[in-house]
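**Q** Okay, here's what each chain looks like letter by letter:
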Amino acid sequence: MSSRFLNALVLGLTIASSAMAQQAKPPLRICADADNAPYSVRDGSGFDNRIARLLAREIGRKPVFVWARERRGFIREQFNKNACDVLMGVPAGMRSVLTTEPYYRSTYVFVTRAQDRLQPVSFSDPKLNHRRIGLQILEEDLSPPSLPLIRNGHAGQLVGFESFGTHATDILRAVQNRKIDMAVVWGPLAGFYAGRSSGLALTPVAPQVDSGIPFTFALAVGVHKSDSRLQQDLDRAIEARQADIRRILASDHVPLLPLDRSPQGNGGPR
Amino acid sequence: MCRADEPERKVKDVSPILTPATTHGARTVAALLITAGLLAACGCRKQTQEVHSPQPAGTGSMHPYGGTLESDDGQWVRATKDYANTRYSTLDQINQSNVGQLKLAWTFSTGTTRGQEAAPIVANNTMYIVAPWPNTLFALDLTKPGGPLKWKYDPHPSPASKGEACCDWVNRGAVFDSGRIFFNTLDGYTVAVDANDGHQIWKTHLADITKGETITMAPSVIHGKVMVGDSGGEFGVRGWLAALDAGSGKVVWQAYNTGPDKDVLIGPRFKPFYKSDQGVDLGVKTWPPDAWKIGGGSVWGFVAYDPALNLMYYGTSNPGPWNPEVRPGDNKWTAGVWARDPDTGEAVWFYQMSPHDLYDWDGVNENILLDLPVNGQQRKVMIRPDRNGYVYVIDRATGQVLSANPYAYITTTRGVDLQTGQLQHIAEKAPKTGQEVRNVCPPAPGAKDWQPSSFSPRTGLVYIPHEQLCMDVEGVQANYIAGTPYVGAIDRFYPAPGGNMGELDGWDPIAGKPVWKITDKYPMWSGTVATAGDLVFFGTMDGWFKAADARTGNILWQFKTGSGIIGQPVSYKGPDGKQYIAILSGVGGWPGAIVAGNLDARDDTAANGWGSAMRDLKSAAGGTLYVFSLP
Chain A
1 MSSRFLNALV LGLTIASSAM AQQAKPPLRI CADADNAPYS VRDGSGFDNR
51 IARLLAREIG RKPVFVWARE RRGFIREQFN KNACDVLMGV PAGMRSVLTT
101 EPYYRSTYVF VTRAQDRLQP VSFSDPKLNH RRIGLQILEE DLSPPSLPLI
151 RNGHAGQLVG FESFGTHATD ILRAVQNRKI DMAVVWGPLA GFYAGRSSGL
201 ALTPVAPQVD SGIPFTFALA VGVHKSDSRL QQDLDRAIEA RQADIRRILA
251 SDHVPLLPLD RSPQGNGGPR
Chain B
1 MCRADEPERK VKDVSPILTP ATTHGARTVA ALLITAGLLA ACGCRKQTQE
51 VHSPQPAGTG SMHPYGGTLE SDDGQWVRAT KDYANTRYST LDQINQSNVG
101 QLKLAWTFST GTTRGQEAAP IVANNTMYIV APWPNTLFAL DLTKPGGPLK
151 WKYDPHPSPA SKGEACCDWV NRGAVFDSGR IFFNTLDGYT VAVDANDGHQ
201 IWKTHLADIT KGETITMAPS VIHGKVMVGD SGGEFGVRGW LAALDAGSGK
251 VVWQAYNTGP DKDVLIGPRF KPFYKSDQGV DLGVKTWPPD AWKIGGGSVW
301 GFVAYDPALN LMYYGTSNPG PWNPEVRPGD NKWTAGVWAR DPDTGEAVWF
351 YQMSPHDLYD WDGVNENILL DLPVNGQQRK VMIRPDRNGY VYVIDRATGQ
401 VLSANPYAYI TTTRGVDLQT GQLQHIAEKA PKTGQEVRNV CPPAPGAKDW
451 QPSSFSPRTG LVYIPHEQLC MDVEGVQANY IAGTPYVGAI DRFYPAPGGN
501 MGELDGWDPI AGKPVWKITD KYPMWSGTVA TAGDLVFFGT MDGWFKAADA
551 RTGNILWQFK TGSGIIGQPV SYKGPDGKQY IAILSGVGGW PGAIVAGNLD
601 ARDDTAANGW GSAMRDLKSA AGGTLYVFSL P
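These protein sequences, in sequence, are chains A and B. Just so we're aligned, residue 1 is where the first sequence starts under this note's numbering, counting upward by one. Just so we're aligned, residue 1 is where the second sequence starts under this note's numbering, counting upward by one.
Next comes chain A alone, as it looks inside the complex (with noise of 0.2 Å):
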């Protein structure tokens, strides 16, 4: 068989099943939270649901939510039940499920009261010193941050708070009214907050990794490991609307960083 007769035929294999996938695409299922600003909200408001809309309509494919808690044996119980197609703000390169290019990268930030000026510029700022920490937990642990605050002798001062649904705020709440000095946060859910209200000082950490431990993430779609066709067909929504998702992320006031396209990504290739 000659290698342009076998072009051929995939060419025209291809434009068969595109044209009947153009027939009948069937609607996206995106899993979302409920209850879990800034992120994802029943509502459709959260940063994610808008985005997930918009990829959705890139793709030609209507956006339907599967609401869903996204807690612990989520992915165990739900995605690998095929309960939905997508799941949004997945960590890229996450070996759990496939996933997209990086839509964004944010970072954990510290949060001081801006009057107090004490935004510390790094792990091993002396103005940590003394201080009442707040870091969010999550699942066993407390968030990636606390191990460079630790090597830094800060580990008795660290308090841990709730990261979920209705608790979420909870920390930020804290260094407002003055229960903890400061804390460190992931970048998207303290810029929702501290866009909303006055008094809050957010400074990105430093050093971005430590020890091999990174504090910036760079955020991708996550879709089943089979679905390799919609994971490039997202690929493409997301560099052809980056405009778009910058708009979007920028109206709930996500810190962002340049996003990297290197192989790097998260630590590791995708």
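Derived by calculation from the structure, the hints in this document are not laboratory data. You may find that some hints are simply not true.
To be verified - Computed cross-link-like contacts, DSS-like style, restricted to lysine-lysine with a CA-CA straight-line distance of at most 25 Å:
no., chain 1, residue 1, chain 2, residue 2
1, A, Lys179, B, Lys262
2, A, Lys81, B, Lys578
3, B, Lys144, B, Lys618
To be verified - Quick partial rundown of chain A residues pointing at chain B, CB under 10 Å, derived from the structure:
no., residue
4, Asp43
5, Gly46
6, Gly93
7, Asp141
8, Leu147
9, Val159
10, Phe161
11, Glu162
12, Leu200
To be verified - Covered stretches of chain A (in silico footprint by chain B; criterion: 3 or more residues with CB under 8 Å from a CB of chain B, positions within the stretch not fixed):
no., region
13, 85–91
14, 131–139
15, 184–194
16, 212–223
Glycine is no exception: its CB is placed at the ideal position from the N, C-alpha and C atoms.
Take the given structure of chain A and dock chain B to it, following the hints.
**A** For chain B alone, coordinates are given in the frame of chain A:
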């Protein structure tokens, strides 16, 4: 059912088979080998397809028990059989010479295919079974052929609780007391139902699943109080044990395992043996600021009770968060064991097996209450095969550790200092985030997880089902939870040297050494029951239910059930006067979640580290009760 004032049964002098040879270490080995040869020759293992010869494994010896045990009415009203947690049945119809003829009598499907960890409860010719979530309670009529369903009670637990449970949707069973059945639901309720007709008497909400709390333990009833604790030490919960009035379901007292003394119910009666447990508000002071509020220390094991001392005993789980670097200090009162007054909840003593736990070593394992000679003196003790790899013998009146001997392969510690009670850590095996640590033994599930041991007064041996595992803590991997990304360390479990992940030890608690060992490829995640027929029954994760000679460890009978076994076998007398052995089959739990949860075993980190170790477990999910008897 059994109260302090009931007549006690003397169990002295009931050991006619015991020969002088078996009391001497060196000769024990020879005696075992001869016995094994005789059994093989007599052909009484016809049904046995795959016989593992026990390994003469140490210089322990057998001593008929000199203490007393609760009387046995042939029922099985609580998971642990008696308050001393012996899981010993005096029934002896099924014995070493006829166990080869043991046949399946009847079966019952629970209709759920998650890990079946419950003990069947037998009272008034009825058997009660609690299924994994959705936690249906079944009552089976033992007076009729085949044990038909009498009634069932469905508590309708919240589906959300399935996601909160760390280690499959298990339930460890019910308890019968004064005409009522008490049990717990995964979504945090304790329920009392009428044992005759299954109508609900009360239902009390105790654990909050929105905070990560669930309930999986089998409750215990002491002096009209239902003892219940929470599960979920991994999720930033604050652990507790509550005593509920059996009549009304109202909370009479609740003792937290972290925080100020008043919350822990520490008062003037608290007299811990070791200095490290003495002081004011240690549940606050041994933590960074406020960390005790999310410090873990839940209670999900079995409760023991000594009526003479009027003390109850139970262990507390690992501290949270998992990463020990963020919680400098001893993290009281986690990973330890309590003695409390069951009437008031007052703490009497506490001993911490694993202060500042580094490895997720819960202290929830069973405490078997025995009276044993220690250095020539008769002592009231508890035997506890701990997750950290040592079998502790502890004076149960004072909390003094009398001995702590290793029963598994250990690289993480070098022993327990009996002067201070302190576990001696080996520094280079301590996990540090971002750093690789290899050959950590035992790993997170410990040398033994929840699966309960049994004790036979005829042999004086404790039958300890357990793991032989190690782990590597390697690399970091991106993950996220509800929008917030992080990196976590990867645990990878694998068999300890020897290659077998599971083991059943016939353990001499006086010498602190095994007499024999049975090895199994998979972690031995089922409980055991010892009988007066000198048999020990247990199951394997690939589905074999087996009877071993209690004296030699020789497998005398085995039966292949439909799924892997991680449950609690029981022995009871039916209304027809016959002895029955019952076990639930249905793989799951933490290691079995690979099968029950349909996880991807190609992922080494599936089920929190079990992926690589359990990759080739050829067992299908199931949920069936098997009941055996002689023809």
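**Q** With a Cβ-Cβ cutoff of 8 Å, does the region 131–139 of chain A contain at least three residues near chain B?
**A** holds (count 5)
**Q** Take the shortest C-beta to C-beta distance between Asp141(A) and chain B; is it under 10 Å?
**A** holds (4 Å)
**Q** Holds or violated: Phe161(A) as interface residue toward chain B, Cβ cutoff 10 Å?
**A** holds (9 Å)
**Q** Minimum Cβ distance from Gly46(A) to chain B below 10 Å?
**A** Holds, because the Cβ-Cβ distance from Gly46(A) to chain B comes to roughly 9 Å (cut-off 10 Å).
**Q** Using the nearest Cβ pair, does Val159(A) come within less than 10 Å of chain B?
**A** holds (5 Å)
**Q** Does Leu147(A) meet its interface restraint, that is, does its C-beta lie within less than 10 Å of any C-beta in chain B?
**A** holds (5 Å)
**Q** Checking one constraint from the list: CA of Lys179(A) to CA of Lys262(B), max 25 Å. Satisfied?
**A** Answer holds: Lys179(A) to Lys262(B) is near 24 Å, not above 25 Å.
**Q** Cut-off 8 Å, C-beta pairs, minimum 3 residues; does the coverage of the region 212–223 of chain A by chain B stand?
**A** Answer holds; 5 residues pass the 8 Å Cβ test.
**Q** Quick check on the hint: Glu162(A) CB to chain B CB, less than 10 Å?
**A** holds (7 Å)
**Q** Holds or violated: is there a CB of chain B closer than 10 Å to the CB of Gly93(A)?
**A** holds (6 Å)
**Q** Just to make sure I understand the rule, a stretch counts as covered if three or more of its residues have a C-beta closer than 8 Å to a C-beta of the chain. Does the region 184–194 of chain A meet that for chain B?
**A** holds (count 3)
**Q** What's the verdict on Lys81(A) and Lys578(B), does the C-alpha distance respect the 25 Å limit or exceed it?
**A** violated (46 Å)
Hint check: violations occur at hints 2, 3, 4 and 12; the rest are consistent with the structure.
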